[in-house]
Amino acid sequence: MTTVSLAQAEVLQPSRLTLSLRYLRRNKGLAIGLFILLLLVLFTVYGLATADLKHAYPVTVKNKQPPSLEFPLGTDFFGRDLYVAMVVGLKQTATIGILAGALGTLIGVVLGFISAYYGGWLDLIIKGICQILTPIPAFLIQVIIAGSLDKRDVTIYTMAFVVVLLAWMGPTLVIRAQVLTMKERQFVSVAKLSGMGDLGIIFSEILPNLLPFIAASFVNQVFYAVFASFYLAVLGLGPLREPLLGNIIWAAQAQSAFFNNWWWWPLAPAVALVLILGSLALINMGLDELANPRVRKTE
Amino acid sequence: MIKLIIRRLLFLVMVIWAASTITFFIPRISERNPVRERFAELARTGGFSPAAMEEIIAAYNTKFGLDKPLWGQYVDYVSSIARFDLGVSYNKYPKTVLELIMESLPWTITLLLVTTVLSFVIGNLLGAIAAWPRAPQWIRTVATPFILLQGVPPVVMGVLLLFFIGFRLKLAPLGGAYSTGVIPDWSSASFVWDVVHHQLLPALALLLGSVGGWVLSMRGMGVTIQGEDYVNFAEHKGLGGYTIFKDYYLRNALLPQVTGLALALGGVVTSAIVIESQFGLPGLGRVLDAAIRSNDFLVIYGVVLFVTIAVATLMVIMEFIYPLLDPRIRNE
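Chains as they are written, first to last, in our numbering: chain B, 1111 to 1409; chain W, 66 to 397.
No lab work stands behind these hints: they were computed from the structure.
Hints may be right or wrong, so weigh each one.
[Said to hold, decoys possible] Restraint-style ranges between C-beta atoms, simulated for each label pair: (1) W/Gly246 <-> B/Val1220: 58 to 64 Å; (2) W/Asp150 <-> B/Thr1291: 58 to 64 Å; (3) B/Thr1268 <-> W/Gly246: 41 to 47 Å; (4) B/Asp1263 <-> W/Phe229: 34 to 40 Å; (5) W/Lys311 <-> B/Ala1159: 57 to 63 Å; (6) W/Asn297 <-> B/Tyr1156: 52 to 58 Å; (7) W/Leu74 <-> B/Asp1263: 52 to 58 Å; (8) W/Trp82 <-> B/Leu1232: 46 to 52 Å; (9) B/Leu1232 <-> W/Ile67: 51 to 57 Å; (10) B/Ala1364 <-> W/Ile248: 24 to 30 Å; (11) B/Tyr1156 <-> W/Ser145: 54 to 60 Å; (12) W/Val257 <-> B/Asn1370: 50 to 56 Å.
Cβ atoms here follow ideal geometry from the backbone N, Cα and C, with glycine treated the same way.
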């Protein structure tokens, strides 16, 4: 063995960006997921900036046109330009996903912290409610909620709200479990002994260490919200006038698109959804690896 | 053991109570009045006077107990649930909701059973072999596309399959339970084949959407188990690769997967219901779909409550099966 001695100053500390890029090269799933997501965002932003958004709504263009130069993704039975519908639909899907995801994660973090940090009867109640609600298929309850609403009132914001109502239990249990282990760690005991208050410990000792879990849980929630709102829309329970991806598939099914040779109609939203959920799933797995080194691949 | 059973049964009762309470209160919070909506629709098409309509609505409210205070309705509701009385369908009167469910249930159960068992077996075997160091490379290559597909909802898979296999290649029908114009006759082989043929695409959609999840979790489990001392020990004892794989590795890795199956049930049932409505199969999905389209509220609530109770009950039953598979728990 030869020893190589280097003066401390000669070692170039790579910048944060190069470090992140290097990590992405090792964590291929995360990199591909982020790349697809970036493409989708660019597509949506470009479309929003250049296209005439009115064409995403019925009777604005010539109907039943197959994909062509004028209509890259074709038009549907009701006279919507499917390319513009995809742009608006992607934006609305993102709105629902991020809104419901953020809200669900926030509720989860707050309840998880209260439950784990303070313990006692509060913990019993929160844990009990989560456990009783978990076996109930949330989607079916969402069908009831969405079905009870007046169809004219349903907007993408109500969709996000309906999804969140039954989607905070997962993050609550995850955060609770993490806080429970975290609060027994030595650095928390040290902070306690040095006279730090509860809030100080929560915000400056525990929360920063939980960030990877919160990020993973947020991506998970966004995935779930996109999934759930899509299913609701496929059953015709969404805001029917909006070009939401699920709504387009629902309308195509209702008009028997494949029987009538309008094959491009349901295909565009299906491919868009594969890309969204695929990228989120890849990011989720990648973050899991980041947050939880034990599942790091051995291959 | 008896204490455990009682605790689980109590938990089950709590879950059912919570589900039925939610399905009772949520529709009543909203402003929609199913009876009024129904008659408003009839009045538009049939043309009887609005004054008569108010009278009829009042009569109906008394008949169905809707004029009672909320807690009175709640007590009625809970007691009728306990008697498995889910009410009648507005649209297919005088059929009860339970009759509608029972007619369609065999279809849904068959589809669910076949796809869940197949996906559990294929997914776990593929995942276990993919994590096994001595496995041939091609199995890992086969497993990868399934993992990539696991984020795709079965409905989207359904659209893609319909396009490629049904529309382009014309290998499968585009929907329905059997060809139009065919008279159902379960004794004729050609009719049975026709039905199976129509179930192929929806089953494939469900299967492709769920195999990847099992592959992924089983592969992770397999990697952990390989490092265990008892696997090492078995190798040093000189046991054959197949014996180690089957008795030491697969058996231990499968246990958590059974718990996973119980947890996945809700999602599996949900997907099957949406797939059925997409392909127009005569299962619970189509009942729910028709009810949503025609505002047949009691059917919507009935189907939801029925499936919820079924899923929760199955989950508790699986928990009781678990000790039979794991001797370590059985002995406690």
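Against the structure, the hints come out as follows:
1. W/Gly246 <-> B/Val1220: 58 to 64 Å: At 59 Å between Cβs, range holds.
2. W/Asp150 <-> B/Thr1291: 58 to 64 Å: violated, 48 Å
3. B/Thr1268 <-> W/Gly246: 41 to 47 Å: Given a distance of about 43 Å, which is inside 41 to 47 Å, the answer is holds.
4. B/Asp1263 <-> W/Phe229: 34 to 40 Å: holds, 38 Å
5. W/Lys311 <-> B/Ala1159: 57 to 63 Å: holds, 59 Å
6. W/Asn297 <-> B/Tyr1156: 52 to 58 Å: Holds, since W/Asn297 and B/Tyr1156 (Cβ atoms, about 56 Å apart) stay within the stated range.
7. W/Leu74 <-> B/Asp1263: 52 to 58 Å: For W/Leu74 and B/Asp1263 the Cβ distance comes to about 41 Å; the hint is violated.
8. W/Trp82 <-> B/Leu1232: 46 to 52 Å: violated, 22 Å
9. B/Leu1232 <-> W/Ile67: 51 to 57 Å: violated, 31 Å
10. B/Ala1364 <-> W/Ile248: 24 to 30 Å: The hinted range 24 to 30 Å holds for B/Ala1364 and W/Ile248, with Cβ atoms some 27 Å apart.
11. B/Tyr1156 <-> W/Ser145: 54 to 60 Å: Taking Cβ atoms as reference, B/Tyr1156 and W/Ser145 lie about 56 Å apart, which means the hint holds.
12. W/Val257 <-> B/Asn1370: 50 to 56 Å: violated, 29 Å
The earlier numbered hints that this structure contradicts are 2, 7, 8, 9 and 12.
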